[in-house]
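Going down the list, the sequences are from chains A, B, C and D.
According to the numbering used here, the first sequence is numbered sequentially starting from 235.
According to the numbering used here, the second sequence is numbered sequentially starting from 235.
According to the numbering used here, the third sequence is numbered sequentially starting from 235.
According to the numbering used here, the fourth sequence is numbered sequentially starting from 235.
Quick caveat, the hints were computed from the structure, so don't treat them as lab data.
Fair warning: there could be bad hints in the mix.
What the hints assert, rightly or not - List of simulated lysine-lysine pairs, DSBU-like, C-alpha gap at most 35 Å:
1. K451(A) x K238(A)
2. K487(B) x K428(D)
3. K333(B) x K333(D)
4. K474(D) x K451(C)
5. K340(B) x K428(D)
6. K487(D) x K438(D)
7. K340(A) x K474(A)
8. K271(B) x K238(B)
9. K474(A) x K451(A)
10. K333(A) x K333(D)
11. K333(D) x K438(C)
Unchecked claim - Residues from chain D that face chain B, not an exhaustive set, calculated with beta carbons under 7 Å:
12. A258
13. A261
14. S494
Just so it is clear, CB atoms sit at the ideal spot from N, CA and C, and this is done for glycine as well.
Okay, here's what each chain looks like letter by letter:
4 protein chains.
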Amino acid sequence: MREKIGFIGLGAMGAPIAGNLLAAGHALRVFNRTPEKTKPLVERGAEAVKTLAEASEPGGVVFTMVTDDAALHDIVASDGFLERLRGGVHVSMSTVTPKAARAAAKRHADAGSDYVAAPVFGRPQAAAEKQLWVCLSGEAGPRDRVRPLLSDVGRGTSDFGDDPGAANVVKLCGNFMLAASIEMMAEAWTLAAKNGLEPEEIAKFFGETLFSAPALKNYGATVAAKRWSPPGFRLALGLKDLELVLATSREAKAPMPFASLLRDRLLAGVARGRGDLDWSALAMGAAEDAGLP
Amino acid sequence: MREKIGFIGLGAMGAPIAGNLLAAGHALRVFNRTPEKTKPLVERGAEAVKTLAEASEPGGVVFTMVTDDAALHDIVASDGFLERLRGGVHVSMSTVTPKAARAAAKRHADAGSDYVAAPVFGRPQAAAEKQLWVCLSGEAGPRDRVRPLLSDVGRGTSDFGDDPGAANVVKLCGNFMLAASIEMMAEAWTLAAKNGLEPEEIAKFFGETLFSAPALKNYGATVAAKRWSPPGFRLALGLKDLELVLATSREAKAPMPFASLLRDRLLAGVARGRGDLDWSALAMGAAEDAGLP
Amino acid sequence: MREKIGFIGLGAMGAPIAGNLLAAGHALRVFNRTPEKTKPLVERGAEAVKTLAEASEPGGVVFTMVTDDAALHDIVASDGFLERLRGGVHVSMSTVTPKAARAAAKRHADAGSDYVAAPVFGRPQAAAEKQLWVCLSGEAGPRDRVRPLLSDVGRGTSDFGDDPGAANVVKLCGNFMLAASIEMMAEAWTLAAKNGLEPEEIAKFFGETLFSAPALKNYGATVAAKRWSPPGFRLALGLKDLELVLATSREAKAPMPFASLLRDRLLAGVARGRGDLDWSALAMGAAEDAGLP
Amino acid sequence: MREKIGFIGLGAMGAPIAGNLLAAGHALRVFNRTPEKTKPLVERGAEAVKTLAEASEPGGVVFTMVTDDAALHDIVASDGFLERLRGGVHVSMSTVTPKAARAAAKRHADAGSDYVAAPVFGRPQAAAEKQLWVCLSGEAGPRDRVRPLLSDVGRGTSDFGDDPGAANVVKLCGNFMLAASIEMMAEAWTLAAKNGLEPEEIAKFFGETLFSAPALKNYGATVAAKRWSPPGFRLALGLKDLELVLATSREAKAPMPFASLLRDRLLAGVARGRGDLDWSALAMGAAEDAGLP
Chain A
235 MREKIGFIGL GAMGAPIAGN LLAAGHALRV FNRTPEKTKP LVERGAEAVK
285 TLAEASEPGG VVFTMVTDDA ALHDIVASDG FLERLRGGVH VSMSTVTPKA
335 ARAAAKRHAD AGSDYVAAPV FGRPQAAAEK QLWVCLSGEA GPRDRVRPLL
385 SDVGRGTSDF GDDPGAANVV KLCGNFMLAA SIEMMAEAWT LAAKNGLEPE
435 EIAKFFGETL FSAPALKNYG ATVAAKRWSP PGFRLALGLK DLELVLATSR
485 EAKAPMPFAS LLRDRLLAGV ARGRGDLDWS ALAMGAAEDA GLP
Chain B
235 MREKIGFIGL GAMGAPIAGN LLAAGHALRV FNRTPEKTKP LVERGAEAVK
285 TLAEASEPGG VVFTMVTDDA ALHDIVASDG FLERLRGGVH VSMSTVTPKA
335 ARAAAKRHAD AGSDYVAAPV FGRPQAAAEK QLWVCLSGEA GPRDRVRPLL
385 SDVGRGTSDF GDDPGAANVV KLCGNFMLAA SIEMMAEAWT LAAKNGLEPE
435 EIAKFFGETL FSAPALKNYG ATVAAKRWSP PGFRLALGLK DLELVLATSR
485 EAKAPMPFAS LLRDRLLAGV ARGRGDLDWS ALAMGAAEDA GLP
Chain C
235 MREKIGFIGL GAMGAPIAGN LLAAGHALRV FNRTPEKTKP LVERGAEAVK
285 TLAEASEPGG VVFTMVTDDA ALHDIVASDG FLERLRGGVH VSMSTVTPKA
335 ARAAAKRHAD AGSDYVAAPV FGRPQAAAEK QLWVCLSGEA GPRDRVRPLL
385 SDVGRGTSDF GDDPGAANVV KLCGNFMLAA SIEMMAEAWT LAAKNGLEPE
435 EIAKFFGETL FSAPALKNYG ATVAAKRWSP PGFRLALGLK DLELVLATSR
485 EAKAPMPFAS LLRDRLLAGV ARGRGDLDWS ALAMGAAEDA GLP
Chain D
235 MREKIGFIGL GAMGAPIAGN LLAAGHALRV FNRTPEKTKP LVERGAEAVK
285 TLAEASEPGG VVFTMVTDDA ALHDIVASDG FLERLRGGVH VSMSTVTPKA
335 ARAAAKRHAD AGSDYVAAPV FGRPQAAAEK QLWVCLSGEA GPRDRVRPLL
385 SDVGRGTSDF GDDPGAANVV KLCGNFMLAA SIEMMAEAWT LAAKNGLEPE
435 EIAKFFGETL FSAPALKNYG ATVAAKRWSP PGFRLALGLK DLELVLATSR
485 EAKAPMPFAS LLRDRLLAGV ARGRGDLDWS ALAMGAAEDA GLP
């Protein structure tokens with residue numbers, strides 16, 4: 235018989251991931267700050283609980299997918315959460331700093347439970363289609379325990395060892411590189427446009443030759459077509475992630491000039507009221523600086 | 235019977251391209267400033283000529299592959315070159331600015347010949363293996379005429395229309411994006427390294443998932459392994475190309491902050507005596523700024 | 235009769251400021267985390283107290299000069315501090331974010347006391363010589379009350395109105411501009427040096443003509459002479475201040491590309507083990523990138 | 235009797251400088267590409283000449299004040315110019331690269347005349363009021379010869395030795411630092427404005443304390459008041475000067491990240507149609523990125 239799993243945080247990413255766990259046959263206890271978001275899952279058989287602590291059971295597994303370091307901290311510090319989880323494993327899928335992950339892991343260890351980091355790459359649609367890439371790190375035992383569960387929500391799990399912060403470093407590197415790719419294509423397509431070329435044509439060329447990776451292909455086409463809406467990943471969240479990258483850069487004493495520039499581009503986007511567009515709208519900066527409409 | 239083609243500029247890229255034209259059965263007249271570089275081709279049947287003008291014949295096709303705007307200008311302005319080419323086509327494969335290409339095309343038109351831009355993507359080894367990507371632009375007639383020849387030197391030719399500068403814009407965009415990719419991976423791998431992760435592992439992960447394009451995969455592994463030598467493309471030439479990108483950015487009134495930063499990284503590389511390493515050694519900047527050896 | 239003033243934080247800046255209050259005839263209660271630092275002031279008549287709360291008296295005035303937002307927060311939140319200060323004024327001289335200042339002011343108001351921001355410009359020697367510039371902001375009444383005291387520690391007090399965060403914004407702007415001035419002179423002197431000129435000569439020329447402000451003159455000469463030690467203001471603290479600038483930039487949605495670049499320069503300085511040099515050593519970045527020793 | 239001096243280039247700066255030479259009692263031969271600009275000086279006694287060469291006389295002194303490297307080169311290369319100047323001195327006041335200055339000096343030496351660089355700091359009004367700062371470099375003999383003449387057009391001449399490029403390096407450093415000062419104040423005033431402070435008030439405070447140099451005071455007030463028109467120095471010319479700075483940076487192998495950023499700001503200004511505003515309008519970039527109107 236499959237065990238009952240807890241799932242906290244049913245946002246754009248959490249909901250489809252929890253759905254896949256259900257679909258894989260796991261029993262689920264779900265919690266969300268806004269309770270109505272639990273309904274679709276309850277209709278499919280999940281049990282909605284009223285407190286964070288109730289989401290888990292002694293020795294069990296609880297997933298969390300929340301916004302930032304502070305939200306993760308609030309869960310870990312919430313009444314009874316760590317006490318109830320004793321002997322269990324917390325699978326933390328949120329994009330947080332390695333520092334926050336390490337601190338959370340320490341608290342779990344002190345309380346007799348385990349914490350593994352399992353942030354994911356992919357947008358909500360990829361989550362729904364079980365096409366996420368999962369990055370995993372933390373103690374070996376709990377990693378082994380949760381790996382089968384992770385295979386139910388993504389197409390592959392990559393293991394980054396014992397440091398609970400490691401998977402978060404990888405996740406932040408990835409988001410940084412996606413943002414950098416968007417900016418570099420924005421500058422290139424703008425240069426092309428101002429020389430009379432069609433950005434779509436350039437995007438197609440590079441997407442089929444040198445830069446034929448799916449992420450680059452998709453963002454390249456998005457930037458060329460200026461399709462900022464509906465957002466796959468909101469610009470305001472992109473800014474938050476770049477702030478996490480820079481906080482980690484500061485902590486690690488590793489200057490990242492591209493990241494600094496991207497943070498300024500995203501901050502300008504938010505200042506100009508574009509926080510709810512897709513984060514690829516950071517490309518508007520390069521276009522506007524070139525006098526394009 | 236195949237026509238006799240001229241080929242000027244037998245450097246690291248020109249020599250293997252000319253070799254492939256020979257191998258495809260074309261008769262070749264070759265010219266190089268340092269004449270001994272013509273020998274291997276002469277041994278395979280090419281005819282070495284003593285002046286730039288002699289490389290072409292009236293109504294014929296002449297390829298050039300030289301270092302920069304100035305070198306291209308010197309060929310076009312050289313004694314008898316345009317006169318002798320009358321009715322023929324100049325296939326200019328060099329990485330030059332669109333401005334230089336447009337000026338050269340104008341001079342050819344005035345002299346009764348044609349100029350098409352055909353810069354290529356790929357390193358010397360790709361050239362030797364006929365794996366180059368060719369970008370083509372210029373008047374339609376001459377483009378049609380030279381396309382079959384280009385299929386003898388690369389794996390694909392992409393057509394960018396009538397503007398003789400267009401293909402050069404694409405080429406410069408590509409080199410800019412390669413440099414940007416190197417920098418972004420350098421910053422990411424450095425952040426990972428200072429968090430105790432193995433850059434090779436991270437490079438492998440991203441090369442198989444989000445950033446699975448060949449160029450990114452190769453440069454990602456190169457940066458992780460710090461393999462700057464032997465150079466596939468010298469850092470000093472990379473700096474030259476970024477200067478061409480910025481000159482084009484200036485001309486087109488399209489600010490490119492990433493390109494500005496890359497220019498400074500490459501310039502620092504040259505200032506520190508790294509001009510003869512592979513241009514991916516621009517990655518040393520991020521590592522050194524983080525206090526890594 | 236003069237009132238008894240509390241003074242918390244006897245570091246490089248706090249000690250000479252407290253000394254000037256004593257010299258002006260005020261009775262002083264002093265507190266420092268490392269108690270021995272109170273000795274020189276006790277010998278001159280100050281009273282050392284054992285807790286933060288004891289530094290103040292009901293309705294009295296207490297000065298604080300500490301490292302950062304967290305240290306200020308710890309004082310305000312410490313046992314009995316706000317209770318004991320009721321009816322009094324907290325003169326906060328620390329370089330903190332406007333956000334921290336506003337939060338602290340709110341807590342004081344809730345507890346029936348006042349908080350004014352009074353950060354200062356000047357190095358320890360200027361503090362000793364009563365040559366500080368004081369920026370003042372907060373409620374009008376308490377501002378009027380403390381202005382005479384501030385005239386005992388500086389050569390001038392500038393008033394920035396009711397917002398308790400305003401004076402901190404000015405202070406952060408000033409430190410940002412000093413760092414920017416150092417970098418701009420570092421780049422200029424490096425360009426001059428690599429053209430065979432003497433940086434000292436250039437520094438002298440500009441210090442007497444276009445850039446004849448004392449701060450620029452001094453830093454210009456320091457950068458030219460590479461006098462990073464002893465530190466007037468440690469590079470690690472400079473990095474902390476730039477982080478405060480960027481946190482304020484983020485909060486206010488005002489991108490600051492120069493500040494981002496300075497943060498990276500200072501972070502590189504710390505990464506390379508220069509945190510204890512003077513912060514003008516950020517100038518080493520420009521010189522090293524140019525291949526200078 | 236005073237000698238007859240040639241003066242070529244009667245633009246916004248050249249005209250008042252030539253006027254001061256006249257006022258000091260010198261006889262003047264003047265040349266300008268648009269001849270009508272010679273009229274006001276001819277009315278005051280100058281002689282207008284029809285060719286560049288005629289502006290000088292054998293063994294005489296000729297001043298030039300033109301736009302850029304190309305314009306200077308055109309004068310030096312013009313028919314009969316060097317031949318006629320034999321034994322004389324060319325006082326080159328234009329803002330050009332040190333490379334152009336060194337090349338011009340070489341040509342003069344080869345032709346038996348001398349070239350000294352004498353670029354100036356100050357806007358047209360300062361020129362009219364004889365308040366320019368002159369930077370002088372070149373061979374010692376000719377420097378001694380022209381120094382008295384320079385004292386008729388400025389308030390001080392600073393000597394930078396034998397290298398004819400040296401004075402131009404100093405001039406470019408100065409213009410770079412002015413642009414950097416504008417940007418740093420733009421960022422600071424924007425941060426202040428978004429925190430509810432009055433930029434004018436902040437500008438006044440810093441202009442009277444830390445940054446009390448005239449240039450900073452004036453530009454600080456200009457940026458605060460957004461007074462971009464009429465232009466004292468056009469933004470398009472500012473861009474040209476930053477390009478000269480970066481060309482010199484490239485030549486000297488001295489990366490200048492602030493200069494790169496300023497170039498992008500100015501280029502964005504031109505792209506947005508602000509080339510005819512004062513160059514302090516580069517400050518609009520920081521304000522707009524913060525969402526200010």
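Going down the list of hints, with the structure as the test:
no. : hint              : result
1   : K451(A) x K238(A) : violated (40 Å)
2   : K487(B) x K428(D) : holds (29 Å)
3   : K333(B) x K333(D) : holds (23 Å)
4   : K474(D) x K451(C) : holds (28 Å)
5   : K340(B) x K428(D) : violated (52 Å)
6   : K487(D) x K438(D) : violated (38 Å)
7   : K340(A) x K474(A) : holds (24 Å)
8   : K271(B) x K238(B) : holds (19 Å)
9   : K474(A) x K451(A) : holds (24 Å)
10  : K333(A) x K333(D) : violated (51 Å)
11  : K333(D) x K438(C) : holds (24 Å)
12  : A258              : violated (40 Å)
13  : A261              : violated (42 Å)
14  : S494              : holds (4 Å)
In terms of the numbered hints stated before, the structure departs from hints 1, 5, 6, 10, 12 and 13, listed from lowest to highest.
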